[in-house]
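Trainee: Protein chains in written order, with numbering that gives the first Met the number 0: chain V, 0 to 180; chain G, 0 to 358.
There may be inaccurate statements among the hints.
Just the calculated beta-carbon pair ranges, DEER-fashion [to be verified]: (1) M68(G) - Q68(V): 53 to 59 Å; (2) T109(G) - V18(V): 56 to 62 Å; (3) V23(G) - L21(V): 36 to 42 Å; (4) L208(G) - N25(V): 44 to 50 Å.
Keep in mind that the hints were calculated from the coordinates and are not lab data.
We put the CB at the ideal spot given by N, CA and C, even for glycine.
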Amino acid sequence: MEALTNRVKPVERKPMTWVERLYLWNIFKGMLITFKHIFTKKATIRYPEQKRAFSPVFRGLHILNRDEQGRERCTSCGLCAVACPAEAITMEAAERKPEEIDKYREEKYAAKYEINMLRCIFCGLCEEACPKDAIYLTETFAPANFQRQTFIYGKQDLLIPNPVTEPELYAKAAGGRVIKS
Amino acid sequence: MTLLALDWVLLAEKLLLVIVIVSVSLVIAMYETYAERKIAAVIQDRIGPDRAGPFGIFQPLADGLKLFMKEEIIPNTSNKFLFILGPCLAMTTAMMTSAVIPWGSAIHFTAFGLDRIVNLQVADINIGILYIFGVVSLGVYGIMIGGWSSNNKFSLIAALRGASQMISYELAMGLSLIALLMLTGSLRLGEIVQQQMQRGVWNVFYQPLGFLIFIVCAFAECNRTPFDLPEAENELNFGYHQEYSSMKLGFYLFAEYINMFISSAIMATLFFGGYDIPFVNDAALGQHIGNWLSILQFACLFIKIAAFIFLFMWVRWTIPRFRYDQLMNLGWRNLIPLALANMVITGALILGKQSGWHF
């Protein structure tokens, strides 16, 4: 039969030589190999203390971003919800009142913003769709929980800490990546 | 007042020795499980258990606690008495072998108004090796009874495999030792060690082939990979201890590790000079440091034992399991003829030496 590729290796069916039949020498060679592995670099890490660096394009849980004065950027335009292939995002818009001018950046804001993390496929299309740089995917990944209900993240879960009042928490939430604020 | 014509101090001394040896071998077996996991890990480029305590040294305690907390299940179809007897037997026979192993030279004990020479060996009987063989071959009953009384096909197959494997390899083991015994002229383990110490050359240099056969057979007797057919995880679902749970399973696992410890001790004693400190004249050293010599020798024996235990584990994580027919082939068609040939050659050489040949 004609070989399909040029990488085919015929199976050797030679009878074993005396040394091979003795088996001990081959065992010894195998043991040398395993012995070498004692000194090689370990492939695993001590997880909770050590963590592997994420890839720069890692897509984890979302955050809703604020600007440098701590105002929410989201204007509840709904483009993220439209872009979402898993239909995980719902929101309700509201109009900004005059006294809320330091809470919301623009006249319209999201009164309710929910992402169902069980539906979300972490594709990052919401991040791409957002015209206001209001939604970002962070390096945090979904935690475990006992109730499905807890995976519907509301605004209190999603909003990034205020950079003005809580700069440390903000920096922690923003993580290693550069977020336009 | 003498109560009975018994040496009560001797009794107390032996009892203490037994307690110490049993608890030491239990602790060693415990830490063998840890060592096994750690060595498996490093050989497979992993880190291994490191959560419990520094470097995970409390891991065996956690494992033991887990086994104690587990639900105890006795299958309805099993023979209850034999089902419980199995692990007990395995454990007992594993512990009994340590009685004849010499752990160090005698300690001169002078305290509490006593002046005694304490022998660091529970029983220096003149049939030491025969005793070991007897007890080791009893060990197969633990596997047999456990596997059979579980009333389970896999366990039964495992028990059959275990029994036939033990019997096959005991033959080669015994034959390989005959050559050694012809050299030493004694079955007393203490004397074998003494001879090696006086000669300064370990028996392994006189009997390399015998040692090789012995170590292969020891692997088979301990049911360690590459000969772990009785408990083949992936073909027989852990074989004879498939139906066992909780501490009864723990006993089986423990018995295996104790067996490993004891067979390492036996190999060290028979072939590697026992408690002999290498490159040192022990008797001369003993005149300088007195009783510390025994401690040093004990440590030395333990280093040898540890090296053997490491070898056991190293082989386990290197070599895959033998097929059943390969196992039998190796035992009956290779090892036994080799052992016989070794015996004949040794006998011829000894005879030649006696009739004045020079070589």
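Trainee: Hint by hint, note whether the structure agrees.
Mentor: Going through the hints against the structure:
1. M68(G) - Q68(V): 53 to 59 Å: 57 Å, holds
2. T109(G) - V18(V): 56 to 62 Å: 59 Å, holds
3. V23(G) - L21(V): 36 to 42 Å: 38 Å, holds
4. L208(G) - N25(V): 44 to 50 Å: Given range 44 to 50 Å: violated, Cβ gap about 19 Å.
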